[in-house]
Amino acid sequence: MQKIEKLLVANRGEIAMRVRRTADAMGIPCVMVFTAHDEGMPHASLTESVLISDYLAADEIIGVARANGANAIHPGYGFLSENPGFARAVEKTGVIFVGPTGDAMEAVGDKSKARALATSLGVPVAEGVGPFNDPKEIAEAVRALGAPVMLKAAAGGGGKGMKKILDFEDLDEIINSSQRETKASFGDDRMIVERFINPARHIEVQIFGDGTRCIALGERECSLQRRHQKILEESPSTAVGEDLRARLFESAKKICESVGYRNAGTVEFLLGPEGHYYFLEVNARLQVEHPVTEMCTGLDLVELQLNLAQGGELPAQESIKANGHAIEARLNAEDPYNGFLPSAGKLLSYSFVISDENVRTDTGIGDAVGTNYDSLIAKIIATGPDREIATRHLKRAIEQTELIGIYTNQALLLQIIEQPFFINGETFIDTIDNWHFGRRPVPDWFATAAVSVYSEFLRPPPDPLGELANWRLR
Amino acid sequence: MRVKGPNGIEHALPVRCHKDGEFVEFYSDGHKYASYVLDGTTLWLASKGYTAKYTLVEGVSDAAGKEALAPMTGKVVAVPVKVGQNVKEGDTLAILEAMKMEYRLEAEADGEVAEIGAEVGELVDLGHVLVRLK
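Chain order of the listed sequences is H and F. One rule links them: number in the working numbering = place in the first sequence (from 1) + 7. One rule links them: number in the working numbering = place in the second sequence (from 1) + 164.
Hints are computed from structural coordinates only; laboratory data are not their basis. Hints are supplied without guarantee of correctness; some may be wrong.
[Claimed, not checked] Calculated pairs, DSSO-like style, for lysine-lysine (alpha carbon to alpha carbon, straight line, at most 30 angstroms):
| id | chain 1 | residue 1 | chain 2 | residue 2 |
| --- | --- | --- | --- | --- |
| 1 | H | Lys353 | F | Lys252 |
| 2 | F | Lys217 | H | Lys402 |
| 3 | F | Lys212 | F | Lys239 |
| 4 | F | Lys239 | H | Lys190 |
| 5 | F | Lys246 | H | Lys170 |
| 6 | F | Lys298 | F | Lys239 |
[Said to hold, decoys possible] Some chain H residues judged to face chain F by a derived CB distance under 8 angstroms, without partners named:
| id | residue |
| --- | --- |
| 7 | Leu308 |
| 8 | Thr378 |
| 9 | Asp381 |
| 10 | Glu406 |
| 11 | Pro450 |
For every residue, glycine included, the Cβ atom is placed at its ideal position computed from N, Cα and C.
Given the sequences, and given the hints that come with them, work out the whole structure.
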C-alpha cells in the first residue's frame with residue numbers, strides 16, 4: 008500500500024478545512040478545490056486552491072489531483088463522497104480514495120438493497136416497499152401500506168426528499184415535491200415507502216473497517232431534527248444502555264463486514280418503543296457529526312481515515328474507550344422563526360468561541376453565505392464528564408458565538424437546550440416539528456442600545472454653511 | 165452610583181458608550197455589552213447569543229397580504245395559478261427552491277390573481293413579487 012504524499016480535498020467549507028487540519032498535523036500537504044461561488048472562502052484561499060467548475064465534476068477533480076501530484080482524494084461528505092463510480096474512477100488512475108470501495112458503497116448505498124441485506128443478516132428493518140419511480144406506483148404503495156408512512160429517497164440520505172404522510176390529502180403533490188427534491192439532490196428520483204415508527208429516536212453507530220473486520224467507535228443520538236435535517240447530535244444517547252449498545256454495535260458491524268467495508272462509515276437506526284430498533288441506512292463516508300465521537304473517544308477520525316487509506320492497521324475493538332458526554336449544535340443560515348427559511352447574504356461581522364478542552368468550533372465560512380450550497384455555517388461542539396456539564400459548555404460556546412448580517416438558528420439552539428425535553432433526554436425525531444416555539448425575546452435593554460447607536464450615528468452632520476438646514480431624521 | 169470625572173463634573177449612571185462596533189451600558193452592579201454593526205440604516209445588535217436586527221421605519225405598505233413575495237433568494241419551481249383565477253386563503257401560489265429544499269408560498273387571503281411576477285425556472289431575489297392578488 009502506498010503512503011499518501013499529497014491529499015486532494017474534494018469538498019468545501021467546514022469539512023474541507025477540518026480534513027485539512029488533520030492532514031497538516033500529519034505533515035501531508037493538501038490540494039484544495041473550489042468553485043467560483045466559493046471564492047473568498049478559506050478553502051479557496053490557500054496556497055494550493057484550484058478553481059473547478061463543480062464539486063460534482065468527477066473527472067475534472069481527478070485531473071486536478073494528478074496534475075498537482077496528489078496521490079489521494081478525501082471526498083468529505085455530500086457531493087461525490089458516496090458515488091461508487093467516482094470511487095472506482097479515482098482508484099483506476101492509481102490514486103487512493105479515502106473511503107470504502109465502490110463495490111461496498113454500491114452494496115449499502117441503495118436503500119432498498121441495503122434493507123434486503125440487513126434482513127438477510129437478521130438485522131431488523133421497518134416494514135416497507137420499493138423502490139418505485141412512477142408517481143402512480145408510489146401512491147398505490149402508500150395507500151396499500153396505509154398512513155402513517157414515510158416516503159424516502161432510494162438513492163441517498165440526509166433527509167433530502169423525505170416526507171411523512173399522515174393522510175392521503177394532497178398525496179400526489181407530496182409525491183411530486185418529494186421526487187423533485189430527490190432528483191435535485193441525487194439525480195435519481197426512485198422512492199421507497201416505509202412504515203412510520205412512533206415515537207422514534209435516531210441512533211447511529213460510527214464504524215471503521217479494514218475490508219474484513221469492523222470496529223464500532225460509539226453511538227450518536229441525532230433525534231433533534233427539523234425537516235429531517237439534524238440540528239443537535241450527542242453521544243452517548245440517553246436512551247441506550249449497555250445491552251442495547253452491544254446489540255446495535257453487533258448489527259452495525261455485521262452489515263458492514265458482510266460487504267467488506269473499509270474506512271469510516273455510519274450505520275443509522277431508528278429506535279422505537281421498548282428498545283426495538285430498525286436499520287435505516289449506511290452512510291458510506293465521514294459524517295457531519297463525527298466530532299461528537301472524536302470528543303468522547305479522544306480519537307481523530309480523519310487521522311484514522313488517512314492512516315487506514317495508506318495501509319495502516321485498524322485499532323482493536325478493545326482499545327476503543329469512550330468517556331464523558333459530547334454534544335454538537337449545527338449553526339445554520341436560516342430563520343427558525345419564519346419557517347426555517349434559508350438566509351443568505353453578506354456577513355458583516357462574526358466571531359466564534361475560542362477552542363479549549365471543552366469546546367470546539369468547526370467552520371469554514373467566507374464573507375458571505377450563498378444559496379448554492381447547504382446552510383451549515385459552523386458546528387459548535389462541547390464536551391464534559393457528564394451530559395449536564397457538556398450542556399453547560401455548549402451554552403457558553405453558543406453564547407460566545409457572534410454572527411451579524413444574516414439570520415441564524417443560534418437563539419433556537421439556546422432555546423432547545425433550555426427545554427425540559429432536552430434536559431430530560433426526551434428527544435424524538437418529531438420533537439422539534441411538534442414543538443411550538445416562539446421567538447426568543449431579546450433583552451429589554453437592546454431597544455435602548457439601538458436607539459442610542461442610531462441617535463449617535465444618524466444625527467445631522469455639522470453644517471457650517473447651512474446647506475443642509477432642511478435635513479431631518481425620519 | 166455616581167462618578168466624578170477629572171474636571172470635577174459628576175455623572176449619573178447608567179452611562180452608555182459606543183465606539184467601533186461595541187456598545188456598553190454601565191450599571192452600579194455591572195455592565196451590559198453588545199456588539200453592533202450599522203449597515204446603512206439597518207442596525208444589528210448581538211450579545212450572549214441574542215442577535216437582533218433593527219430597521220428605521222419609513223412607511224407602511226398597504227399591499228400587505230395581497231402580494232406573495234419571495235422570502236429568500238431561490239429558484240421558482242412551480243407557479244400553480246393563472247391570472248384571473250380565484251384563490252382561497254391557504255392555496256399554494258408558488259413553490260421556491262433554495263439549498264435543495266422547497267418552500268411553499270400560500271395565499272394569505274382570498275382573492276383573484278392579478279399578476280404573476282416570475283416564471284418557472286427563474287432565479288428570484290428576496291422580496292421579488294411572485295404573485296399579486298386583487
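The hints, checked one at a time:
Restraint check for Lys353 (chain H) and Lys252 (chain F): not satisfied, since their Cα atoms lie roughly 37 angstroms apart, outside the 30 angstroms limit. Between Lys217 (chain F) and Lys402 (chain H) the alpha-carbon distance is near 22 angstroms, which keeps this suggested pair within the 30 angstroms criterion. For the hint linking Lys212 (chain F) to Lys239 (chain F), the alpha-carbon distance of about 35 angstroms lies beyond 30 angstroms, and the restraint is violated. Our distance criterion of 30 angstroms between C-alpha atoms is met by Lys239 (chain F) and Lys190 (chain H), whose separation comes to about 15 angstroms.
Distance hint between Lys246 (chain F) and Lys170 (chain H) is fulfilled; the C-alpha atoms sit about 28 angstroms from each other, no more than 30 angstroms. For the suggested pair Lys298 (chain F) and Lys239 (chain F), the alpha carbons sit about 25 angstroms apart, so the restraint of at most 30 angstroms is met. For Leu308 (chain H), the interface hint is violated, the least distance from its beta-carbon to any beta-carbon of chain F being 26 angstroms, above 8 angstroms. This hint holds: Thr378 (chain H) has a C-beta 5 angstroms from the nearest C-beta of chain F, less than the 8 angstroms allowed.
Among the interface hints, the one on Asp381 (chain H) holds; its C-beta lies about 6 angstroms from the nearest C-beta in chain F, closer than the 8 angstroms criterion. For Glu406 (chain H), the interface hint holds, the least distance from its beta-carbon to any beta-carbon of chain F being 4 angstroms, beneath 8 angstroms. Hint on Pro450 (chain H) holds. Least Cβ distance to chain F is approximately 6 angstroms, under the 8 angstroms limit.
Checked against the numbered hints given earlier, this structure breaks hints 1, 3, 7; the rest are met.
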